[in-house]
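Each chain is listed here by its residues.
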Amino acid sequence: MTDDLEQLYQTTYTAVVRFLYRKVWDAERAEDLAQEVFVRALAHQPEKPRAWIFAVAANLARDEARAAVRRKRHLTLLKADPVAQPTIEPAADTLVEHDERVASVHEALNTLTPRDREILLLWDAGLSYPEIAAQTGLAVGAVGTTLARARRRLVEAHDRQNPSKGIHAAHS
Amino acid sequence: MRHIPEDELHAYLDQGLSRSQCVEIESHLAACASCQGARDSIAALRDRTTALLARLAPPRAFPASFETLRRRAAVEVSARRRRLHRATWAASIVAAVAFGWTANHLADSAASTARVTTPVPALTSTPAAVARQAVSNDSRSPTAEPAGSQGAENDSTAGKPVRRPAPGGRRVANAPVSQVALPPVVAPTELELSAVDMPPASEFELDGMWRTMSWAGAQEEAGDKLPHIDGLPVVQVQVQASRQGRQPLMVVAQQLSSGEVIRTIEGPASDVSHLLARRTMSDPDHTMSRVDSAPQRTEAHPGVGGTMAMQRGDRMIAITGALPPDSLLAMIRRLNAEMRSK
Chain W
1 MTDDLEQLYQ
11 TTYTAVVRFL
21 YRKVWDAERA
31 EDLAQEVFVR
41 ALAHQPEKPR
51 AWIFAVAANL
61 ARDEARAAVR
71 RKRHLTLLKA
81 DPVAQPTIEP
91 AADTLVEHDE
101 RVASVHEALN
111 TLTPRDREIL
121 LLWDAGLSYP
131 EIAAQTGLAV
141 GAVGTTLARA
151 RRRLVEAHDR
161 QNPSKGIHAA
171 HS
Chain V
1 MRHIPEDELH
11 AYLDQGLSRS
21 QCVEIESHLA
31 ACASCQGARD
41 SIAALRDRTT
51 ALLARLAPPR
61 AFPASFETLR
71 RRAAVEVSAR
81 RRRLHRATWA
91 ASIVAAVAFG
101 WTANHLADSA
111 ASTARVTTPV
121 PALTSTPAAV
131 ARQAVSNDSR
141 SPTAEPAGSQ
151 GAENDSTAGK
161 PVRRPAPGGR
171 RVANAPVSQV
181 ALPPVVAPTE
191 LELSAVDMPP
201 ASEFELDGMW
211 RTMSWAGAQE
221 EAGDKLPHID
231 GLPVVQVQVQ
241 ASRQGRQPLM
251 VVAQQLSSGE
261 VIRTIEGPAS
271 DVSHLLARRT
281 MSDPDHTMSR
291 VDSAPQRTEA
301 HPGVGGTMAM
311 QRGDRMIAIT
321 GALPPDSLLA
331 MIRRLNAEMR
341 SK
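The listed protein sequences derive, respectively, from chains W and V.
Note that the numbering used here has the first sequence beginning at 1, numbered continuously upward.
Note that the numbering used here has the second sequence beginning at 1, numbered continuously upward.
Just so you know, these hints were derived from the structure itself, not from any lab.
Among the clues, some could well be false.
[To be verified] According to the in silico footprint, chain V covers these stretches of chain W (three or more CB under 8 Å from chain V):
1) 17-30
2) 56-62
3) 112-124
Built from N, CA and C at the ideal position, the CB exists for glycine as well.
All chains should be built: construct the whole structure from the sequences, respecting the hints.
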């Protein structure tokens with residue numbers, strides 16, 4: 001079982017980090033969380049480790065997002081306090097460093113509904129239809145419908161933001 | 001002829017369909033140019049999405065070695081067990097406190113109805129007197145023997161108990177004690193500070209200002225309120241700096257003949273429970289693993305640390321030590337009875 005997990009770690013670690021990165025938008029944090037996910041898997045020895053890992057990753061990312069909202073609120077309070085002015089949201093700085101190409105996809109992804117986005121990201125992380133269905137509570141038959149819509153909307157949103165680059169990207 | 005819906009083509013390309021569904025779609029595609037075109041555009045859309053998402057990759061990924069994760073998981077598992085143990089432990093404290101409260105309540109109501117009051121002789125508080133007291137209890141500790149020069153003095157007083165159980169309700173709580181076998185107590189010796197290997201400090205962390213005192217000094221300060229089990233050599237007395245006008249929190253460490261050190265704690269209820277909670281936090285790991293490996297035997301396992309606490313009004317007494325719970329229970333009942341009589 002542990003050997004299976006080790007193999008899974010080798011094959012899916014990058015996918016889990018990527019999946020988390022697209023939710024927390026902080027590479028270091030995504031890696032920390034991904035390791036946390038595998039540590040928990042080792043401690044729990046789940047029956048279906050691959051699906052389990054992404055389910056836990058999604059939960060951790062959700063908790064992280066909530067914590068980020070709280071931090072942001074706290075920072076807003078700090079900013080109102082002139083003494084605490086030097087404390088500036090670090091995530092904002094990191095985002096600025098992202099190149100335009102990344103930012104445009106990020107924005108396009110943000111136009112999707114949370115459910116469409118989740119399913120698209122799970123698919124991109126390598127989960128199968130039944131695994132996605134099990135994790136999201138969707139019927140297996142509905143996964144294709146959701147993916148069809150999510151893909152169309154992502155590409156449309158991206159091309160709307162970058163009308164000239166859209167064609168280039170299509171062929172890259 | 002029915003064309004293939006868009007979502008089915010997505011599912012087909014994503015390999016999300018059953019074998020029979022695939023066969024059906026493939027046979028249709030072979031004969032339908034319109035659906036072939038739809039399939040190609042969906043395949044392009046799919047590739048496009050994948051390409052766009054590929055940009056959203058973290059700049060780097062340095063996977064930790066799997067061995068590191070394994071170690072972290074081991075720590076996590078033991079922490080989980082510790083939390084479980086802590087919860088069980090907290091529940092047992094609550095039960096003990098509830099038991100103590102009930103016992104107090106019963107004893108008090110018995111006292112008020114009986115209205116038989118026999119003056120309890122005041123216990124002299126010199127170490128020798130306490131030692132004599134222990135001798136008087138020797139009927140249930142056959143291993144105890146008078147030792148050294150102290151023995152001669154003890155011999156002369158043996159069989160003359162300094163303190164007899166009062167017949168009134170005040171002593172009710174003491175009644176079951178004699179039925180519970182106490183662990184063999186050490187031969188009565190002088191109650192003085194002696195050099196004994198103390199457990200590592202981490203086992204029993206005390207926060208705040210603590211003073212280690214001599215037995216005489218502690219008695220001067222606390223009088224008869226000093227919590228201890230009569231007849232066991234005192235290893236260490238620690239007194240927390242008290243707030244104005246309050247009896248301080250005291251910890252008396254005593255050693256059993258087996259070498260185990262037990263601690264009796266007396267102080268304001270909130271302070272004692274705080275201290276006990278801290279102790280659980282610093283409980284060593286090996287205790288947990290024992291609990292997990294042989295849950296049914298933990299009660300009898302002498303190596304497992306335990307705690308019994310009893311609330312007396314706004315004060316609380318507690319005994320901690322590596323003893324079976326029934327021994328601790330017997331001790332705390334005895335302690336409670338003794339404290340009560342002072």
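Which of the listed hints are broken here? 2
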